[in-house]
Amino acid sequence: MAANELPDDVRRFIVSNIASVAQLEALLLLREDRQKEWPIEEMSRALYAAAGGMIDQLNDLVSKGLAYVTFESDARYRYRPDMGSELDALLGRLADLYKKRRVSVISLIYSEPVDKARSFADAFRIRKEKEAE
Amino acid sequence: MAASVIYLSCLGTALLCAALLWKSYRRNGVRLLLWSSVCFLGLAAENVLLFADHITGPHIDLSLVRNLAGLAALVSLIYALIWDSK
Amino acid sequence: MACVVIALFFLQFWRKTADRLFLIFAVAFALMCVTRIVSAGLGEAHLHSGSAYIIRFVAYLMIVAAIIDKNR
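Chains as they are written, first to last, in our numbering: chain A, 1 to 133; chain B, 1 to 86; chain C, 1 to 72.
Worth flagging that the hints you see were computed from the coordinates, not collected in a lab.
Take these hints with a grain of salt, some might be off.
Said to hold, decoys possible - Interface residues of chain C toward chain B, partial, derived using beta-carbon atoms under 8 Å: (1) Cys3; (2) Val5; (3) Ile6; (4) Phe9; (5) Arg56; (6) Phe57; (7) Tyr60; (8) Ile63; (9) Ala65.
Cβ coordinates follow ideal geometry from the N, Cα and C atoms, glycine included.
Make the full structure from the sequences, and use the hints.
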């Protein structure tokens, strides 16, 4: 399956941190212009997404330490200014992979085994083949 | 000696489990796998200590270290099972 | 005893997923618990002989069996 082409650390990041395509696109958008602070409406417009859902995704990113939120008159979101260089590099590669292998990335986001039990049992499958997902 | 063989094969099994779980964690990022791997490492350590205890004889008592290793291993797995909901 | 708690979790996983592996792991960890109880009961002098390590051995053998079973 296409998802196997993605490097391990990118896979790990996606499975642990990215809940939806909208969230990924929001994060990558924030990264494109690191200094910029985005109000919700502007982000929603840029991504053609509904504002309500956008807020949840962004707050989730903030709680994971991937974005910052400032409260002046309204909430504005921006890329984390002190983002570690390794993580930043990984996000760069992820941005690139999202352009070149969009289907792989999307299928990974939505195919993660949220089921802990299954992942545990699957860990003991030594004969790793084509993953039948 | 039967005991040595047994401890060493237990050690091998525990290490195998730890390795499989770790490899899968590196791939998937499911935290339960990380702590399970730690647990099996602890169990492996426990077996190493049992083996050491066995061959060094009664004048050296490793029981405290041994029990701590085993306990730490199990507790970390319980922690993962209870608190890490993903 | 921590092993029993873990064994119970594995039993729960077994009920949820119907995957034999969890049942076997549950029994294995329960046996590890038995091992510890037996060792504690027997005391240090008899730790390396007889029942204590045999039960432990069986527990780990079951884990190996579970892995083999998973891969056939």
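Going through the hints against the structure:
This hint holds: C:Cys3 has a C-beta 6 Å from the nearest C-beta of chain B, less than the 8 Å allowed. About 6 Å separates the beta-carbon of C:Val5 from the nearest beta-carbon of chain B, less than 8 Å, and the hint is met. Given the 8 Å rule on beta carbons, the hint for C:Ile6 holds: about 6 Å separates it from the nearest Cβ of chain B. For the restraint placing C:Phe9 at the interface with chain B, the shortest Cβ-Cβ distance is roughly 5 Å, inside the 8 Å limit, so the hint holds.
Checking C:Arg56 against chain B by beta carbon gives a least distance of about 6 Å; that is within 8 Å, so the hint holds. Using the Cβ-Cβ criterion of 8 Å, the hint placing C:Phe57 at the interface with chain B is satisfied: the shortest such distance is roughly 5 Å. Proximity of C:Tyr60 to chain B holds as hinted, the smallest CB-CB distance being about 4 Å (cut-off 8 Å). The interface hint given for C:Ile63 holds, since its Cβ lies 6 Å from the closest Cβ of chain B, which is under the 8 Å cut-off.
Interface restraint check: C:Ala65 against chain B, minimum CB-CB distance 10 Å, threshold 8 Å, status violated.
Consistency with the previously given hints fails for number 9 only.
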